[in-house]
Structures are given as structure tokens and as C-alpha cells.
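Protein sequences, first through last, are from chains A and B.
Heads up, the first sequence is in our numbering, so the first residue is 1 and it goes up one at a time.
Heads up, the second sequence is in our numbering, so the first residue is 1001 and it goes up one at a time.
The reader is advised that the hints may include incorrect statements.
What the hints assert, rightly or not - Pairs of lysine-lysine, DSS-like flavour, derived with a Cα cap of 27 Å:
1) B:Lys1022 - B:Lys1035
2) A:Lys35 - A:Lys22
3) B:Lys1035 - A:Lys35
4) B:Lys1022 - A:Lys22
Unchecked claim - Listing some non-contacts, in silico: residues in chain B with all C-beta distances to chain A over 12 Å:
5) Phe1006
6) Cys1023
7) Gly1051
8) Gln1091
Unchecked claim - Computed footprint of chain B on chain A; a stretch qualifies when at least three of its residues, placed anywhere within it, have a C-beta under 8 Å from a C-beta of chain B:
9) 79-88
10) 93-106
Hints are computed from structural coordinates only; laboratory data are not their basis.
Computed from a predicted model, the values in this text were never measured in an experiment.
Built from N, CA and C at the ideal position, the CB exists for glycine as well.
Spelled out, the chains give:
2 protein chains.
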Amino acid sequence: MPTTQFDGVTVQTQANVYFEGKCISHSLTLADGTKKSVGVILPATLTFNTGAAEVMECVAGACDYLLAGSSAWRHCAAGESFAVPAHSSFQIRVSDQPYHYICHFE
Amino acid sequence: MPTTQFDGVTVQTQANVYFEGKCISHSLTLADGTKKSVGVILPATLTFNTGAAEVMECVAGACDYLLAGSSAWRHCAAGESFAVPAHSSFQIRVSDQPYHYICHFE
């Protein structure tokens, strides 16, 4: 089951808008200082670069992703996650329905 | 100054996606039970219906809005708000830059 809510968080009211709105997220800080974001990617194929390592948890919808250095696209559905190393990149492909995610920064 | 963050809230991780992604919001519940949402509207002209009365606070960007029964479009910029009665509707027009908002439910 995906994580459906976070309690006791600080949320930034201004969103992060990437790729002309194809990806929109809001930044969260948990009570213990952990940073996360919750967002949506609309149907598109996009490339993201990482600073810190991150885990992308799918909350609803689905995506295909391709990690840097890999030639194999993999599928990720609701309740599933994939990890991306620090200072790397990945492509994400969303078809049909919006992909809802939590980005967990490591 | 617009409200830049909320502390101690519960955030729903799955977003609300309206108008094929032209409007995306996340629902919040404050510690006192108050419900709000934080969202973005991309350039478009959209019509929304209200259930409860609400106040739309602009966090960044700007919009023009037209309340039901009015013939006058009005402008709302960052740090400004407008109120919409319950069981009513309004049009919102966003040009150029994304409009970031907090919807305060009354």
C-alpha cells in the first residue's frame, strides 16, 4: 500500500513547477527534519537530475523509468518505489493517467 | 505577504487533478481540523463550483477572477485574496506564469 498521508509536517505553500507544469510538487519537512516532496507528473517523458539520492514512491497511477547507465525501462505502479543514486539522472515516462508520487530524499 | 508555509499539518499524498492537469492541488488538514488545499493553476481560463465558502489566497503569480453574478473581472496578485460564497461558482483566468494558491475553506 502506498503512503496515503503524512502527519505533523511543514508544507511550503508555493509549488515547484517543472517542465511547464508537466511536473508539479510541494515540498514537505517532517517533524524529524526529513525533507520530502509530494507531486504529480502528467503524461510526458521527462529527464530529472538528482542532487541527493532519492526514492520515488508511486502513490497512484504508474510510470516507466530508466536510470542513468541502464538500458532497461522498468515499470513502477502504486505502492511500488524505485531508488535513484545521488548526482545521477533518470528518465520517467508517464502515459495515460497522472503519476502521483512521493519523493523521499535520503 | 502571502502565507509561505503551514506547520503541523496532515497532507494527503495523492493530489487532486482537475481540468487535465491545468489545476493540481494537495489537501491539508491543520492541527485544529481546518481543511485547506495548496495548488497551482497553469495558464488557462477555468470555471470552479464551490461547496463550502472559500477564500483563495494568491501565493505567487497572479490571476483574474469573475464571481458568479458579477460582470467585472478583478485581478488578484501575490499576497491578495478573494472570497467565494458557498454553492456558487467563479471563473479564473491565468496568463503567462503559474498561479500558486491556498484555498481556505470556511
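Hints versus structure:
1. B:Lys1022 - B:Lys1035: 22 Å, holds
2. A:Lys35 - A:Lys22: 22 Å, holds
3. B:Lys1035 - A:Lys35: 23 Å, holds
4. B:Lys1022 - A:Lys22: 10 Å, holds
5. Phe1006: 5 Å, violated
6. Cys1023: 10 Å, violated
7. Gly1051: Its Cβ never comes within 12 Å of chain A, the nearest being 21 Å, so this holds.
8. Gln1091: Check passes; 20 Å lies beyond 12 Å.
9. 79-88: Coverage by chain B is violated for the segment 79-88 of chain A (0 residues, Cβ < 8 Å).
10. 93-106: holds (count 3)
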